[in-house]
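Student: Each chain, written out:
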Amino acid sequence: MKILRYLLQKEFIQILRNKSMWPVIFVMPIVQMLILVNAATLELKKADVYIVDQDMSDASRQLVNKLEGNPFFNVTSITDADFNADDQLLHGKANVVLDVPQNFERDLKRNNSASLQLRVDAINGMAAELTWSYMNSLIRSYNNNIRANWMGISKFDPPQKIVVSQRYWYNPTLIYAFYMAPGVLVILVTLIGMFLSAVNLVREKEIGTMEQLNVTPIKKYQFIAAKMIPFLVIALLVLSFGLLIAKLVFNLPFRGNIFVLYGFTTVFLLGVMGLGLLISVVSDTQQQVFFVSYFFLLVFILMSGLFTPVESMPKWAQWLDHLNPLYYMMKVIRNVVLKGSGFFDLKYEFLSMLGYGVAMFSLAVMRYRKTA
Amino acid sequence: MMISVGNIEKSYGEVKALRGVSLEVKEGELFGLIGPDGAGKTSLIRILVTLLKPDVGSATVNELDVVKDFRKLRNQIGYMPGRFSLYPDLTVEENMTFFATVFGTTIEENYHLVKDIYQQIEPFKERLAGRLSGGMKQKLALSCALIHAPKVLVLDEPTTGVDAVSRKEFWEMLKRLQKMGITILVSTPYMDEANLCDRVALIQDGKILTIDTPEKVTQSFGHKLWAIRSDNMYLCIRHLREHSESDSVFAFGEYLHVTWKDQDMQADEMEKYLSDLGHTNVEVKRTEPGIEDVFMDLMQKHDN
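So the protein lines, in turn, are chains A and B. Numbers 1 to 372, taken from the UniProt record's numbering, label the letters of the first sequence in order. Numbers 1 to 304, taken from the UniProt record's numbering, label the letters of the second sequence in order.
Derived by calculation from the structure, the hints in this document are not laboratory data. Treat the numbers as computed from the prediction; the structure is a model and nothing was measured. Just to be clear, a hint being listed does not mean it is correct.
The following residues of chain B were derived to be distant from chain A, with all beta-carbon distances above 12 angstroms [to be verified]:
(1) GLU24
(2) GLU27
(3) LEU51
(4) MET80
(5) ARG83
(6) ASP89
(7) GLU94
(8) THR97
(9) ARG199
(10) SER244
(11) SER246
(12) HIS279
(13) GLU292
(14) MET299
DSSO-like cross-link-like pairs, simulated, lysine-lysine; straight-line CA separation at most 30 angstroms [unchecked claim]:
(15) B:LYS151 x B:LYS137
(16) A:LYS219 x B:LYS207
(17) B:LYS53 x B:LYS168
(18) B:LYS137 x A:LYS19
(19) B:LYS115 x B:LYS72
(20) A:LYS205 x B:LYS53
(21) A:LYS2 x B:LYS301
(22) A:LYS205 x B:LYS285
(23) A:LYS10 x B:LYS207
(24) B:LYS137 x A:LYS219
(25) A:LYS315 x A:LYS10
(26) B:LYS175 x B:LYS137
(27) B:LYS68 x A:LYS220
(28) B:LYS207 x B:LYS72
(29) B:LYS137 x B:LYS72
(30) B:LYS207 x A:LYS220
(31) A:LYS19 x B:LYS125
(32) B:LYS125 x A:LYS2
(33) A:LYS220 x B:LYS175
(34) A:LYS10 x B:LYS175
(35) B:LYS151 x B:LYS68
(36) A:LYS339 x A:LYS315
(37) A:LYS205 x B:LYS137
(38) A:LYS205 x B:LYS151
Glycine included, every Cβ here is placed at the ideal spot set by N, Cα and C.
Chain A with its partners taken away, still in its complex shape (with noise of 0.2 angstroms):
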């Protein structure tokens, strides 16, 4: 005991003597939580729109309002001729062009029915998905406004119809930033626990020390306790001063319990230090840990569902991801936050965790040998 507390000490001297450690636990959680969570959005804040309105009658005019009045599109031109809508799209000047076409007015009046174009720039699919969605439910109220002043249908008396009125429930003004911030989080905790106890761990190969250390009477557990505890105390300093910036930057509310919040995350530390451990024992050289951890990072945080949901995904990536520890991560951090989830909500999550620590801690073990 008296060793793993001497062990310890020498490691924080040596972690808070390294300069670029500070950066690390100050300065990247404030980055990544205030760039990352106000860039990385699903939202749609403005869509432009090219008019090619070749009716130019009272009918096309109320709609052409409409769209200006609304805060979610900017109308950049209206023209009344279809010369260069395409080059719009091409050029990017504009997400979606609108066609209003020849006699939409008069055929509004006469069949009561009439067409309307939408051409949108799918690059991005989810964005024009949106953009359709929006635009779409747009035109269905200006059609149903049309319905009522045109048939003389008394708004004070209309016809049967159905109702949607919907809610959001656990982020009931859809605030994005209440979704990403949790996720940035849990990718700041991994980094720290992956990427810097590997590191540190293998440097010890690269300068020598570890064979000086190799016929000293330090146990293995002693040494990887030692080499893990103090990085496991740093991602839970930087998930507490992430939290408390998402807290003040973005009002995030926390509705859970921090203690389960904490618990899970020490679990989780588990399987990533678990994991880092393992790479280095199998790496020679702080390059190769870099390589390899990347690799599994990069893989780690696209499948987690940080941006995109995992529901989504195929099923086989979906089977895949329960090899993914960030994938549950990703889904307690979120639930114990915005629902107040605990722990035996999660049970599941935590048995994959844990399960998943234990592995990894084993296989690490297993491969390093002291006497090899």
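Since chain A is already given, all that's left is putting chain B on it; use the hints.
Tutor: Using the frame of chain A, we list chain B on its own:
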């Protein structure tokens, strides 16, 4: 016997590093393991300090088996690897305290052992080990290897890449440690350091060529040795090797060391041979063999 090695073999895949090495080191001895790079010195040392397991054979240090009793043994061995391997981001004092603590002791407890050496670096004890000069790093490494009062000190090429003055100083330190009763096993590629050891083992290609005191090793050289030089050394080597009676010709500093199959070969005969071939300023004299001559000789026999 403090160290006893019995017929050890070790291979790394196809490469055979040690092919049946046996040797014994007595208590209190300063024992040298002499051989060129790649001879197997480091492999043998790593087996002795419990970092490597032999494929075949066994070894004991202070009656403890290097494989079975490795845990007990680690407390009794001080090991200084060939590469500087202390923490460059810890200070001199922190490094010392660290190694003392992991061995369950303190600097004060064994200060008498390292006093001579540590005193020289003590003024810099607040300095990071990575910022020390080469010689000071070496002294720190030696202090750290000694701080737990080991019975045996094992040093792997401690003087490689060290200047002549520091080398001399270092050997003096070893001598003093020996007087304190520590058994020392040191490996070196420098033949001239062999004379500073009590006994040496010459090792080449994973095999021991000979083990004896440096005097006896040099006495075992069974030929008359001649030192020869001329203005054109390169041609001189070629011409001497071409001579039908020459046995071995090696460059040795500013002279060539030459032995003849005919032990009665006379100096004027050699001089005449070279002068006739156009050499100027020819000089021929008898010389005493050194460890290196023995080594070359043994290597040649070994290769045949």
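Student: Compare the structure with each hint and give your call.
Tutor: Structure-based check of each hint:
| no. | hint | verdict |
| --- | --- | --- |
| 1 | GLU24 | 22 angstroms, holds |
| 2 | GLU27 | 21 angstroms, holds |
| 3 | LEU51 | 6 angstroms, violated |
| 4 | MET80 | 9 angstroms, violated |
| 5 | ARG83 | 5 angstroms, violated |
| 6 | ASP89 | 5 angstroms, violated |
| 7 | GLU94 | 7 angstroms, violated |
| 8 | THR97 | 8 angstroms, violated |
| 9 | ARG199 | 24 angstroms, holds |
| 10 | SER244 | 52 angstroms, holds |
| 11 | SER246 | 46 angstroms, holds |
| 12 | HIS279 | 50 angstroms, holds |
| 13 | GLU292 | 30 angstroms, holds |
| 14 | MET299 | 30 angstroms, holds |
| 15 | B:LYS151 x B:LYS137 | 23 angstroms, holds |
| 16 | A:LYS219 x B:LYS207 | 34 angstroms, violated |
| 17 | B:LYS53 x B:LYS168 | 34 angstroms, violated |
| 18 | B:LYS137 x A:LYS19 | 23 angstroms, holds |
| 19 | B:LYS115 x B:LYS72 | 26 angstroms, holds |
| 20 | A:LYS205 x B:LYS53 | 19 angstroms, holds |
| 21 | A:LYS2 x B:LYS301 | 56 angstroms, violated |
| 22 | A:LYS205 x B:LYS285 | 52 angstroms, violated |
| 23 | A:LYS10 x B:LYS207 | 42 angstroms, violated |
| 24 | B:LYS137 x A:LYS219 | 27 angstroms, holds |
| 25 | A:LYS315 x A:LYS10 | 47 angstroms, violated |
| 26 | B:LYS175 x B:LYS137 | 19 angstroms, holds |
| 27 | B:LYS68 x A:LYS220 | 17 angstroms, holds |
| 28 | B:LYS207 x B:LYS72 | 29 angstroms, holds |
| 29 | B:LYS137 x B:LYS72 | 28 angstroms, holds |
| 30 | B:LYS207 x A:LYS220 | 34 angstroms, violated |
| 31 | A:LYS19 x B:LYS125 | 21 angstroms, holds |
| 32 | B:LYS125 x A:LYS2 | 24 angstroms, holds |
| 33 | A:LYS220 x B:LYS175 | 35 angstroms, violated |
| 34 | A:LYS10 x B:LYS175 | 33 angstroms, violated |
| 35 | B:LYS151 x B:LYS68 | 19 angstroms, holds |
| 36 | A:LYS339 x A:LYS315 | 26 angstroms, holds |
| 37 | A:LYS205 x B:LYS137 | 19 angstroms, holds |
| 38 | A:LYS205 x B:LYS151 | 27 angstroms, holds |
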